[in-house]
Amino acid sequence: MSRGMNTIQAVNLALDEAMGLDENVILLGEDIADAQEGGIVGVTKGLSSKYGTARVRSTPISEQAIIGAAIGAAIVGMRPVAEIMLMNFTTVAMDMIVNHAAKLRFMSGGQTHVPITIRTMTGAGFGTGGQHADYLEAWFAHTAGLKVVAPSSPAEAYGLMLSCIFDDDPCLFIENMPSYWTPGEAPLLGQRIPLGKARVVSEGGDVTVIAYSRIVQDCAAVAGKLAKEGIGVELIDLRTIAPLDRATLIASVAKTRRAVVVHEAVRPFGVGAEIAALLNEHLFGQLRAPVQRVGAPHCPVPFSKPLETAFVPQQADIEAAVRKTLG
Amino acid sequence: MSSEPKVDRAVLVDIYRRMALIQRSDERFRAVIKAGKIVAPYYSPRGQECIPAAVSVSLGDEDYVCTIYRGIHDMLAKGVPSKLLWAEIAGKATGTCKGKGGPMHITHRESGVMVTTGIVGSSMPIANGLALAAQIRGEKRVAVAYFGDGASNIGAFHESLNMAAVWKLPVVFVCQNNGYGEHTRYDIATSAKRISDRAAGYQMPGVTVDGNDPLAVYKAARSAIIRARSGDGPTLIEAMTFRFQGHVFGDADAYMAPGEKQAAMARDPVPRFRSWLLEGGVAEAELATLEAAIDHQIDEAVAFALESPLPGVAELHRDVFAEEITA
Numbered sequence: 153m154s155r156g157m158n159t160i161q162a163v164n165l166a167l168d169e170a171m172g173l174d175e176n177v178i179l180l181g182e183d184i185a186d187a188q189e190g191g192i193v194g195v196t197k198g199l200s201s202k203y204g205t206a207r208v209r210s211t212p213i214s215e216q217a218i219i220g221a222a223i224g225a226a227i228v229g230m231r232p233v234a235e236i237m238l239m240n241f242t243t244v245a246m247d248m249i250v251n252h253a254a255k256l257r258f259m260s261g262g263q264t265h266v267p268i269t270i271r272t273m274t275g276a277g278f279g280t281g282g283q284h285a286d287y288l289e290a291w292f293a294h295t296a297g298l299k300v301v302a303p304s305s306p307a308e309a310y311g312l313m314l315s316c317i318f319d320d321d322p323c324l325f326i327e328n329m330p331s332y333w334t335p336g337e338a339p340l341l342g343q344r345i346p347l348g349k350a351r352v353v354s355e356g357g358d359v360t361v362i363a364y365s366r367i368v369q370d371c372a373a374v375a376g377k378l379a380k381e382g383i384g385v386e387l388i389d390l391r392t393i394a395p396l397d398r399a400t401l402i403a404s405v406a407k408t409r410r411a412v413v414v415h416e417a418v419r420p421f422g423v424g425a426e427i428a429a430l431l432n433e434h435l436f437g438q439l440r441a442p443v444q445r446v447g448a449p450h451c452p453v454p455f456s457k458p459l460e461t462a463f464v465p466q467q468a469d470i471e472a473a474v475r476k477t478l479g
Numbered sequence: 124m125s126s127e128p129k130v131d132r133a134v135l136v137d138i139y140r141r142m143a144l145i146q147r148s149d150e151r152f153r154a155v156i157k158a159g160k161i162v163a164p165y166y167s168p169r170g171q172e173c174i175p176a177a178v179s180v181s182l183g184d185e186d187y188v189c190t191i192y193r194g195i196h197d198m199l200a201k202g203v204p205s206k207l208l209w210a211e212i213a214g215k216a217t218g219t220c221k222g223k224g225g226p227m228h229i230t231h232r233e234s235g236v237m238v239t240t241g242i243v244g245s246s247m248p249i250a251n252g253l254a255l256a257a258q259i260r261g262e263k264r265v266a267v268a269y270f271g272d273g274a275s276n277i278g279a280f281h282e283s284l285n286m287a288a289v290w291k292l293p294v295v296f297v298c299q300n301n302g303y304g305e306h307t308r309y310d311i312a313t314s315a316k317r318i319s320d321r322a323a324g325y326q327m328p329g330v331t332v333d334g335n336d337p338l339a340v341y342k343a344a345r346s347a348i349i350r351a352r353s354g355d356g357p358t359l360i361e362a363m364t365f366r367f368q369g370h371v372f373g374d375a376d377a378y379m380a381p382g383e384k385q386a387a388m389a390r391d392p393v394p395r396f397r398s399w400l401l402e403g404g405v406a407e408a409e410l411a412t413l414e415a416a417i418d419h420q421i422d423e424a425v426a427f428a429l430e431s432p433l434p435g436v437a438e439l440h441r442d443v444f445a446e447e448i449t450a
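Quick note, the sequences are listed as chains Z and Y, same order. Residue numbers for the first sequence, in my numbering: 153 to 479. Residue numbers for the second sequence, in my numbering: 124 to 450.
Don't read these hints as lab results, they were simulated from the structure. Just so you know, even glycine gets a beta-carbon here, dropped at the ideal spot from N, CA and C. Mixed in with the good hints, there may be bad ones.
Just the calculated beta-carbon pair ranges, DEER-fashion [said to hold, decoys possible]:
| # | chain 1 | residue 1 | chain 2 | residue 2 | range |
| --- | --- | --- | --- | --- | --- |
| 1 | Y | Arg260 | Z | Gly357 | 39 to 47 Å |
| 2 | Z | Gly479 | Y | Pro432 | 51 to 59 Å |
| 3 | Y | Ala437 | Z | Lys476 | 39 to 47 Å |
| 4 | Y | Ala377 | Z | Lys349 | 43 to 51 Å |
| 5 | Y | Glu446 | Z | Gly479 | 38 to 46 Å |
| 6 | Y | Pro432 | Z | Trp333 | 57 to 65 Å |
On the chain Y side, residues computed to face chain Z include the following (Cβ under 10 Å) [as the list claims (entries may be wrong)]:
| # | residue |
| --- | --- |
| 7 | Cys189 |
| 8 | His231 |
| 9 | Met247 |
| 10 | Gly252 |
| 11 | Ala256 |
| 12 | Gly278 |
| 13 | Val289 |
| 14 | Leu429 |
| 15 | Glu430 |
| 16 | Leu433 |
| 17 | Pro434 |
| 18 | Asp442 |
| 19 | Phe444 |
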C-alpha cells in the first residue's frame with residue numbers, strides 16, 4: 153500500500169473493493185461514470201470502466217430520484233452507494249432521506265430495510281459561499297433510523313466507508329472537501345472500522361476534546377502543543393455521530409472531568425449541544441468546568457476570504473476553549 | 124364499457140372479485156371506524172376500485188407495487204391478506220407491520236407491496252429503484268407506482284419519469300386521477316389538460332383511460348406491463364375516476380360542486396361492472412358465491428384484528444436500526 157494516500161484515493165479504494173466483493177454494490181450519482189470524468193473531484197474515477205455503467209451510473213441532476221432509486225434497489229437487497237455531490241444538495245432530497253430511507257425499517261415492522269450509503273462532501277474553505285459548504289449533520293443525527301458517519305482522515309474514510317456499504321441501515325457519509333487532497337496515513341487494506349464506536353486518538357488526564365471530521369486534525373495539533381506544557385488532552389474522534397458512542401464519551405470525561413466539543417457546523421442546536429447535555433446528565437457534580445463548545449458562528453457560510461476564515465473554527469479557538477475549562 | 128378485443132372470462136371475473144373485495148372491505152372499514160372500534164385516519168378508495176383491480180390481474184407476486192396513503196384498494200388488489208391488513212389498520216401486533224406502520228405505511232413483501240407512503244409524490248422515485256434492481260439483475264419483474272393527480276405537480280414525479288425514461292426502467296406509472304388534490308379541484312392546481320400529456324415531455328407513452336372501465340384499464344395496463352417486462356421502458360397511465368368519500372373519511376366535501384359526487388356515485392363502477400358481467404352471461408350464482416366468500420373473509424379479518432393484541436412498548440426500540448439501540 154502506498155504511503156501518503158489522500159481521501160479521494162481512499163474512498164475510491166473502498167468503493168472498488170466493495171464492488172469487487174459484492175455485485176449488489178452499485179453506485180449512483182451525478183457525473184460519477186468515467187465518461188463524465190468520475191465525479192467532480194474524481195472520487196469514482198475508473199470504477200465504471202472496471203464494473204460497467206450498469207453498476208456505476210451517472211444520473212440526471214435529480215437528487216430525489218437518485219435517493220429514491222437507491223432506496224428502491226436497497227429494499228430488494230442491493231447495496232447502493234448514492235452520491236449527493238454536495239451536502240447542501242441533500243436538502244433537495246430530504247423527503248427521500250428522512251421520511252423513507254430512515255423510516256422504512258421501522259414502519260414496515262422490520263420487513264424491509266434500506267442498506268444505502270449516501271456519500272456527500274462539504275466544508276468551508278473553497279470560497280463557494282452560502283450554498284455549497286454547510287455541515288448539516290445535526291439534522292440527520294436528529295432523525296431516528298439514520299447512521300451518520302464523518303471520517304477524519306483518508307485511512308478512516310476507507311475503513312468507515314467499507315462498513316457503511318455493508319451495514320444494513322442507511323448511512324450518511326460526510327466527506328470534507330477542503331481536505332480531500334491532503335495525504336494521510338495509508339489505510340489497512342480490507343480492514344473495516346466498526347460503526348457506532350469512537351476512537352481515542354490520544355490519551356490524557358486533564359481534558360477530553362471530542363471532535364469528528366477534518367477538524368480532528370486541528371484538535372490533534374492543539375493537543376500536541378498543549379502536551380508540551382504538560383496539559384494532557386484526551387482526544388476522541390467520534391467517527392460515527394449517530395448512533396453516538398455514549399459510553400466512550402462518558403468514560404473519558406468521568407476521568408478527565410473536563411470536556412470540549414469541536415465541530416465545523418454552526419454552534420447553536422448542533423451535535424456539540426447534544427454531547428454537552430449528555431455529559432451534564434451523566435456527570436453533573438463531577439465536572440470541574442462547564443462543557444465548552446467550539447463551532448462556527450450562527451450565520452451562513454460567507455464568501456469573502458477573511459469572513460470565511462473567521463467562520464471556520466481555528467486551532468486558536470480550540471486551544472482557548474480547552475484553557476477555559478482549565479480555569 | 125369498451126368491448127373488443129375479447130378478454131378472457133376468467134380474467135373479467137377475477138377483476139370483479141378484486142373490485143368487490145375492495146368495495147366490501149372499504150364499507151366495513153368505514154363502519155368499524157365510525158363505530159369507534161378502530162381509531163385510524165382513513166382515506167377511502169371507494170369509487171376507485173376498478174383501477175388496481177384491472178392492473179393487478181396482469182401482475183404476479185414477484186412484481187412490485189409502491190402506493191400511497193389512499194392505497195387500501197391497491198394493497199387488496201395486489202393480494203395483501205385481509206387479516207394482516209385489518210390488524211395493521213387497528214395498530215395490532217399481528218398486523219403486516221406489527222402495528223408500527225399503520226394504514227398509511229403498509230408493507231407486505233410476500234404480495235409485492237413494498238412501500239406505502241404518506242408523502243404525496245413519493246411512490247415514484249422508489250418504484251424506479253425497485254425496477255432498477257430488476258433491470259440490473261436481469262429479472263423480469265415490473266414495478267407499478269400508484270399516485271394521485273395532485274402528485275403529478277410534485278418535483279419527484281418529473282424527476283422519476285425522466286430517470287425511468289432515460290434508463291428504460293421496467294416501471295408503470297399509474298395516476299389515479301380523481302379530480303381533486305385534497306380539497307383543490309384539478310384545474311385550479313394543474314396546468315396540463317391531461318396528466319398523460321406530461322408523458323410526451325419524457326418521450327414515453329402516455330394514455331388517459333376511463334378508470335371506471337375495467338376493460339379499458341386492463342388493456343392499457345397490460346400493454347404497459349408487457350412493454351416494461353420486455354425492456355422497452357416506462358409508461359404513464361392516467362385513469363380517470365372519482366373518490367366517493369372525499370379526501371379523508373369524514374370530509375365534508377364543501378369544496379365540491381353541488382351534485383358532483385352524487386352524479387359520480389350514480390355511476391358506481393362496482394355494481395355497473397357486475398351488471399355488465401351478468402348481461403354477458405356470467406351466472407348470478409357465481410358472483411353471489413364469490414361475494415359470500417369475500418364477506419366471510421372480511422368477517423374473519425375484522426374478528427382477527429379486534430381480538431389481536433396490541434404491540435408492547437419495547438417495540439419502540441426495535442426496527443429503528445438492525446441492532447437494537449439502547450440508552
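Exercise for review: Evaluate the given range 38 to 46 Å for the C-beta pair formed by Y/Glu446 and Z/Gly479.
Suggested key: 41 Å, holds
Point to revise | Minimum beta-carbon distance criterion (10 Å), Y/Leu433 to chain Z | key: 13 Å, violated
Review point. Hey, does the Y/Gly278 contact hint survive, CB to chain Z under 10 Å?
Key: 6 Å, holds
Review point. Against chain Z, is Y/Ala256 within 10 Å by beta-carbon distance?
Key: Constraint on Y/Ala256 satisfied, holds at 4 Å.
Review point. Y/Ala377 and Z/Lys349, beta-carbon distance inside 43 to 51 Å?
Key: Because 57 Å falls outside the window, the suggested range is violated.
Check your understanding: Close enough to count: is the Cβ of Y/Gly252 nearer than 10 Å to one in chain Z?
Key -> 2 Å, holds
Exercise for review: Starting from the range 51 to 59 Å, see whether the pair Z/Gly479 and Y/Pro432 falls in it by beta-carbon distance.
Suggested key: 57 Å, holds
Practice item. Could you say whether the range 39 to 47 Å given as a hint is met by the Cβ separation of Y/Arg260 and Z/Gly357? Key: 55 Å, violated
Practice item. Please verify that hint: Y/Phe444, Cβ, nearest Cβ of chain Z, below 10 Å or not. Key: 5 Å, holds
Review point. Per the CB criterion, is Y/Leu429 less than 10 Å away from chain Z?
Key: 19 Å, violated
**Study point:** Closest C-beta approach of Y/Cys189 to chain Z relative to 10 Å, hint status
**Key:** 8 Å, holds
Check your understanding: Is the hint on Y/Met247 kept, meaning its closest Cβ partner in chain Z is under 10 Å away?
Key -> This hint holds: Y/Met247 lies near chain Z, its Cβ roughly 7 Å from the closest one there, short of 10 Å.
Of the hints listed earlier, those the structure fails to meet are numbers 1, 4, 14, 15, 16, in rising order.
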